[in-house]
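K.L.:
What follows is each chain in one-letter form.
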Amino acid sequence: MKNEWPLWEIFIRGQHGMSHRHVGSLHAPDAEMAIKNARDVYTRRNEGVSIWVVEANNISASSPSDKGPLYEPSESKVYRHPTFFDIPEEVGAM
Amino acid sequence: MYAQMIKSEATQDDPEKLAAFQARIDAGEKIEPKDWMPEGYRKTLIRQIGQHAHSEIVGQLPEGNWITRAPTLERKAILLAKVQDEAGHGLYLYCAAETLGVTRDELTEMLLDGRMKYSSIFNYPTLNWADMGAVGWLVDGAAIMNQVPLQRTSFGPYSRAMIRICKEESFHQRQGYDVIRKMAEGTPEQKKMAQDALNRLWYPSLMMFGPSDKDSVHSAQSMAWKIKMNTNDELRQKFVDQTVPQAEYLGLTVPDPDLKWNEERGHYDYTDPDWSEFFDVIQGNGPCNTDRLAARNKAWDDGKWVRDGMLAHARKKAARKHAAE
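Line by line, the protein sequences are chains A and B. Start counting the first sequence at 1; every next residue gets the next number (UniProt numbering). Start counting the second sequence at 1; every next residue gets the next number (UniProt numbering).
Only chain A is shown next, with the shape it has when bound in the complex (with noise of 0.2 Å):
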């Protein structure tokens, strides 16, 4: 609406070491302001060493009806698994 602030979507990695994860969204005048405000609504136990804000306007996302067209395909594909080769028990681990 007419001066709403922009709304950002918040991504925080949790740990050294792991990704950044979606945790939820805010809204700022602008980036500098959204990693601070973002600091006080989803770090405020530790929950995190970094921040990524995006702008909510500039993320794309599939949508829900391509689910089948997207996905579908990969489910035949059983032999991309590892478990759908017999490896005989002598051969040992692999």
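Be careful, since some hints might not be right.
[As the list claims (entries may be wrong)] Partner residues aside, some chain B positions facing chain A, computed with beta carbon under 7 Å:
id	residue
1	Asp35
2	Glu39
3	Cys95
4	Leu100
5	Val102
6	Arg104
7	Asp105
8	Gly309
9	Met310
10	Ala314
11	Lys316
[Said to hold, decoys possible] Cut-off 35 Å, straight-line C-alpha distance, at most; resulting in silico cross-link-like pairs (DSBU-like, lysine-lysine):
id	chain 1	residue 1	chain 2	residue 2
12	B	Lys30	B	Lys17
13	B	Lys17	A	Lys67
14	B	Lys182	A	Lys67
15	A	Lys77	B	Lys17
For the record, the hints were derived by calculation from the structure and aren't laboratory data. No residue lacks a Cβ here, since even glycine has one placed at the ideal position from N, Cα and C.
Given chain A, put chain B in place with the hints provided.
P.N.:
Chain B only, in chain A's frame:
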């Protein structure tokens, strides 16, 4: 509860789509914002999540009232952290509501002009420090009763907000019990204050769960949609059963002469609150309705120049950066 008297909105959608939607919910799937959903589901959730968010925000006022007068620096720091959490909970919930197609400003305006409600409990005053204990213990305790099952609600963003909130809420109730325990174990005057706080806040806390099931006709659709997980009376009974032994431990008396353990039911029998008082408070005639809304309106009006100024600054900076490229 934090959301009371939410009437399920009627839905006039394609029966086939409705059946498929209900099947997804019955299978335990989460509904996400871009998924198809009945208009009634969307509207009911906007009102329910919005009212819940407003309750978190207005709920800061009764406790904010005592931050500057906390008895020790430690109590002050704890209370500040608690009130800051409530702001955070409001923000998680507003964002969840916004995924349903309502804007933050629209939600705020509906609170400020009275079109949307917040929980009846926050229209009662906090008269002294013992009330900080009673509010944390009873009000947050009652809220948890409802919020724990709502973690399993069918709408993904609402469920995720509830999971975050529940992680933090247990701190709220424990700090309240700690405050009131100190007073109940203190001087006779302090114990009297603790008893007085329980006397005043017991029935308003029971009212938080909403009207008795026999007078509440809105539940069936919301329960089928899994946006209401238990009936009002179920949750109220659970709250009474949990709270009475906690009061006994403190040596305080629940202000209900007819309260007694019912061996056969395996629950406490208790007296219902005065529902005419509840409806009166909901209608705007509680002790603090006018104050609470005035405080929220003042904060919104006084903050306007800050919101506008920061946005103007951000736009100017973006334009400069654009020109330099």
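K.L.:
Are the hints correct? Go through all of them and say.
P.N.:
So, going through the hints one by one against the coordinates:
1. Asp35: At about 5 Å, which falls below the 7 Å cut-off, the nearest Cβ of chain A leaves the hint on Asp35 of chain B intact, so it holds.
2. Glu39: violated, 17 Å
3. Cys95: holds, 5 Å
4. Leu100: violated, 13 Å
5. Val102: violated, 10 Å
6. Arg104: holds, 6 Å
7. Asp105: holds, 4 Å
8. Gly309: violated, 9 Å
9. Met310: holds, 4 Å
10. Ala314: holds, 4 Å
11. Lys316: Interface hint status for Lys316 of chain B: violated (10 Å vs cutoff 7 Å).
12. B:Lys30 <-> B:Lys17: The given pair, whose Cα atoms are some 16 Å apart, holds under the 35 Å limit.
13. B:Lys17 <-> A:Lys67: holds, 17 Å
14. B:Lys182 <-> A:Lys67: violated, 57 Å
15. A:Lys77 <-> B:Lys17: holds, 31 Å
The structure does not agree with the numbered hints 2, 4, 5, 8, 11 and 14 stated previously, though it agrees with the rest.
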